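Colleague: Okay, here's what each chain looks like letter by letter:
There are 2 protein chains.
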Amino acid sequence: MPSYEAPVEDVLFLLNDVLKVEKYGNLPGFSDASPDVLSAILEEGGKLAAETLAPLNVIGDRQGCKRHDDGSVTTPEGFKDAYLTYKEGGWIGLSLPPQYGGQGLPGVVNTIMQEFISSANLAWGMYPGLSQGAFAALYTHANDEIKQAYLPKMAEGAWSGTMNLTEPHCGTDLGLLRTKAVPQKDGSYKITGQKIFISAGEHDLTDNIVHLVLARIEGAPEGTKGISLFVVPKFLPDAAGEAGERNALSCGKIEEKMGIHGNATCVMNYDGATGWLVGEENRGLNAMFVMMNEARLAVGVQGLGMSVVAYQNAVTYARERLQGRALTGPKNPDGKADPIIVHPDVRRMLMQMRAFNEAARALILWVSLKADVLHRSDDEKAREEADDMLGLLTPVIKGVLTDVGFANTVNAQQIYGGHGYIGEWGMEQFVRDARIAMIYEGANGIQALDLVGRKLGRDGGRAIMAFFQEVGAFVAANKDNEAMAPYTRPLKQGADDLQAATMWFMQNAMKKPDNAGAGSTDYMHLFGLVVLGYMWALMAQAAQQGLAAGGNKAFLEAKLTTGRFFMERLMPETAAHLARIQTGADSMMALPADAF
Amino acid sequence: MPSYEAPVEDVLFLLNDVLKVEKYGNLPGFSDASPDVLSAILEEGGKLAAETLAPLNVIGDRQGCKRHDDGSVTTPEGFKDAYLTYKEGGWIGLSLPPQYGGQGLPGVVNTIMQEFISSANLAWGMYPGLSQGAFAALYTHANDEIKQAYLPKMAEGAWSGTMNLTEPHCGTDLGLLRTKAVPQKDGSYKITGQKIFISAGEHDLTDNIVHLVLARIEGAPEGTKGISLFVVPKFLPDAAGEAGERNALSCGKIEEKMGIHGNATCVMNYDGATGWLVGEENRGLNAMFVMMNEARLAVGVQGLGMSVVAYQNAVTYARERLQGRALTGPKNPDGKADPIIVHPDVRRMLMQMRAFNEAARALILWVSLKADVLHRSDDEKAREEADDMLGLLTPVIKGVLTDVGFANTVNAQQIYGGHGYIGEWGMEQFVRDARIAMIYEGANGIQALDLVGRKLGRDGGRAIMAFFQEVGAFVAANKDNEAMAPYTRPLKQGADDLQAATMWFMQNAMKKPDNAGAGSTDYMHLFGLVVLGYMWALMAQAAQQGLAAGGNKAFLEAKLTTGRFFMERLMPETAAHLARIQTGADSMMALPADAF
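One line per chain: the protein sequences are A and B, in this order.
Position one of the first sequence corresponds to residue 1 (this note's numbering), numbered consecutively onward.
Position one of the second sequence corresponds to residue 1 (this note's numbering), numbered consecutively onward.
Don't read these hints as lab results, they were simulated from the structure.
Computed from a predicted structure; not experimentally measured.
Fair warning: there could be bad hints in the mix.
Put simply, identical chains are the same to the list, so a pair is met inside one copy or across any two.
With a cut-off of at most 20 Å between alpha-carbon atoms, the simulated PhoX-like pairs for lysine-lysine come out as follows [said to hold, decoys possible]:
#1 225 x 180
#2 80 x 47
#3 336 x 180
#4 225 x 336
#5 512 x 331
#6 23 x 381
#7 47 x 87
#8 253 x 66
#9 331 x 511
Taking the hints into account, I'd like the entire structure generated from these sequences.
Modeller: Written as structure tokens, this is what we have:
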């Protein structure tokens, strides 16, 4: 059975030495998060993930969720107890606003917990995870009455949340949606329609489930401009604010999926269910985007989390499995064979995962701190800059971290040889579970289109220019530093490729939009390499400074080596991405559809 | 439920127009395979795959195999009937020697059937597939008595075969194996030990199962030099040559796997089972390699087969699913949305699969014809050349076609969005099934090592030099042909990268073997791109000639476009592989094992 250990030391290195979290001390909540407090929270959270959640991961996969004839759903053995432990520990409200019962700690702390939980038990983690997105949407867009009714219950974890977008005939293209909302005299609406792929749509973990549902108010315009957002609870709040009368909605079916069996993916039927408008009429997508952006970052974190736990188990196996001899002579001469970690091709896979994991973790913390600035700073300029970078990087994080995260679970499985294909070793579950992250919250091709079609050009390209400027300034500041050259030179090369690709779009996509679409996925991954490379440059700098200051030698030197591996082995891919982008759409689009 | 259609037209184009199968008319069996006969066989075989085998694929996945308390195993519903149909059609002996009851048709015909069957039902196909490998090992190495006893039954399909290599503590490193063989007075041996991961180890499809088992004769040397090969039937042949007395072997367990549920992956226990030596004492690996090389090529074909069926279904979905509008304006203005095949990023995935599939099919047919030359020609020089190329390309075909084949099933699943993750659509099964091909018959890292460590340098590099010469001659012959330039220029660039990588190994791997190991997987994929690129150049030439001769315009122009896509979008990767290879092993091997 696979095991998991939370990477607390690495997180503390990132927060304290690389990202210098003390710089953010003036933001609300950060003063409560001293290094000691942070360290204690992470230790505690890591323990919870490793000891309470990870052991339920295989059980969740085997048992799955069970829908009963009355439409109720039972989660796998142990899921509910774990949820109660988590709830009672106050983890759900960790970074939520104190005014609704949250602890108000920095959002970055919650992001770290998301990584730990995703590694330990992805399917379980989706239950509280979706609540956080629903909380954010209500917090930002709902009126005060709704906030008072729902947010404290959600921050406490007594009630959970979901998001209901997809219908059988519409996923990406929400303009096609048909679920309808009929206004009632008391200001509420009757919601009718069918939603599919609703994660955590029905379960037994909480007293109530707060569905956020996109629907079309009778008479609203067609397309995306006629969609509104509603809060539709499973039980209507009673006079005391508790879960009261059952609402007219139910789970019609649980999907049989490739993985994340521990999470109930529901068909939800709304049969004139009572709901209330969130935000303005016909501006539902706008409100839902708050939730989707949170969710997209969280899904990127899931990609990382899966890669981390797969890596850890691959390392264990590679150290223990004896097979063959090192090309350079026996390393375990007293044994009948060497551990397979001596073989370069096994190392290649391990180092690839490691070099990605550590940079991806840096990236999500870096971006998460920007989210904290956006949500908590009173400096308007700082908020704008943070918002720009967050908007630009959200699709990159979602798309790249889940694509590479999945590929890494496949590599980790490969290290196990035949045993990787057998259920009992647990590695194939990681592959099946990680696969969903490339699909939900906007398939990765949609992320790439969002990046290229929307985020790049926004505000005259302000965000991407700021990014180039930041990376350029770092490279310039280190140009005489020979020790940094193995990091800054490939970084500059990658950034140049990214800049060339950006220019190419500017020159070629206006007159022919397919040129942008044809290069979008390559561009997203090119961007990913450059921003992860930038993280490695930051980490290398911090490691060198740490070594000079007498820090943990083994830890810091491993950082420098791993960063060098990233630059040598992963960065060369930027040139191939650029070459592909520059070939444009012609050969891609030339075949008539019936020639396929 | 997914569907399948055998690509008969494409195969005929390859055989007749690209590879010019009529050139081989002097080889035994080829004169029976006139274009009309070939076409009729392929139509018939394609129909069998599509109509008999494909419908059982989902059933096989859902039901899996069932082991009963007495150790017997039941295959999924319909598997046995399909096997009987297949057997009665004479398909098992299609290319086997007439002297043992086979039809003696060219091996390439059988290879094509392997592709069709892998697409239609991978798990089912492994039952007859393994028999063919076992047949080859016995045919090449067994004495006449054994051949007479087993080969006619196997060619007929009345008995099936297996290969038994792996033990719990030894997979790749067969030198560690412990199964023992004790000589008996009558010339037979008693075999005792446990084998794992035995595909088709026990089932209900045939009257007998012929296990080929690697074991160590009492007193034999340690390591790989003390391993012998034995034939150990489930039922001992009786006086009439039929399945007689039960042998002392049994299936102890069926593994629960990620996929290929329809094939029984067995733990096989040998408890003093009666077996007979195949080939020489202590030369068992040598004999088993005949089987493994056949099997490795067949597994490469499986990778292609999975990619093909995944592609076909992704195309169907991409044509039918309406979502969003083309970037260039509505293509289905009367509908509420356009089919998603209009979106460049969807095309990108489809074209990637298509460009790979068509070249990979050309490659396996090209190599399969070389195998026919090797096994059937009386021209010693031609046999040597064929053997060289077959040896060199076997690891490339196994490693690259299964890595890319798997990646393509993931892409095909991605085109389905959320529906791709749900069981009922069948796409996730392709991903789970295709995953095994990267692992069994030597994990792909082992293929890469075989290529770099063994095949490259053999006979002074004769094979790789012949390959470079052939590609170089093709490029030179077409250097003034402008119409071929979009194919020959990138091909030359790729071949130059491959040559540079080869040189780099020669200069850097002698003094430091880890440099070869560190670049082996990149080298294998670099080689794969170049040889697939060469196939595209051959196909482009044939397509241009065909167009000039008034051939099928739509078909031939699609070839030219798809080939151009391959050159523009896939070939640029050769430079990244070369860059990685040239960085060597340093950063990969620098971390101490306990730093992971």
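Colleague: Take the hints in turn and mark each one as holding or not.
Modeller: Evaluated hints:
1. 225 x 180: within (14 Å within a copy, 75 Å between copies)
2. 80 x 47: Close inside one copy (18 Å), not across copies (51 Å); limit 20 Å.
3. 336 x 180: Answer is between: at 18 Å across copies they meet the 20 Å cutoff, but 69 Å inside does not.
4. 225 x 336: between (69 Å within a copy, 15 Å between copies)
5. 512 x 331: between (58 Å within a copy, 16 Å between copies)
6. 23 x 381: within (16 Å within a copy, 75 Å between copies)
7. 47 x 87: The answer is within: 15 Å in one copy meets 20 Å, while 58 Å across copies does not.
8. 253 x 66: Answer is within; shortest intra-copy Cα gap is 10 Å, inter-copy 28 Å.
9. 331 x 511: Answer is between: at 18 Å across copies they meet the 20 Å cutoff, but 61 Å inside does not.
Checked against the numbered hints given earlier, this structure breaks none of them.
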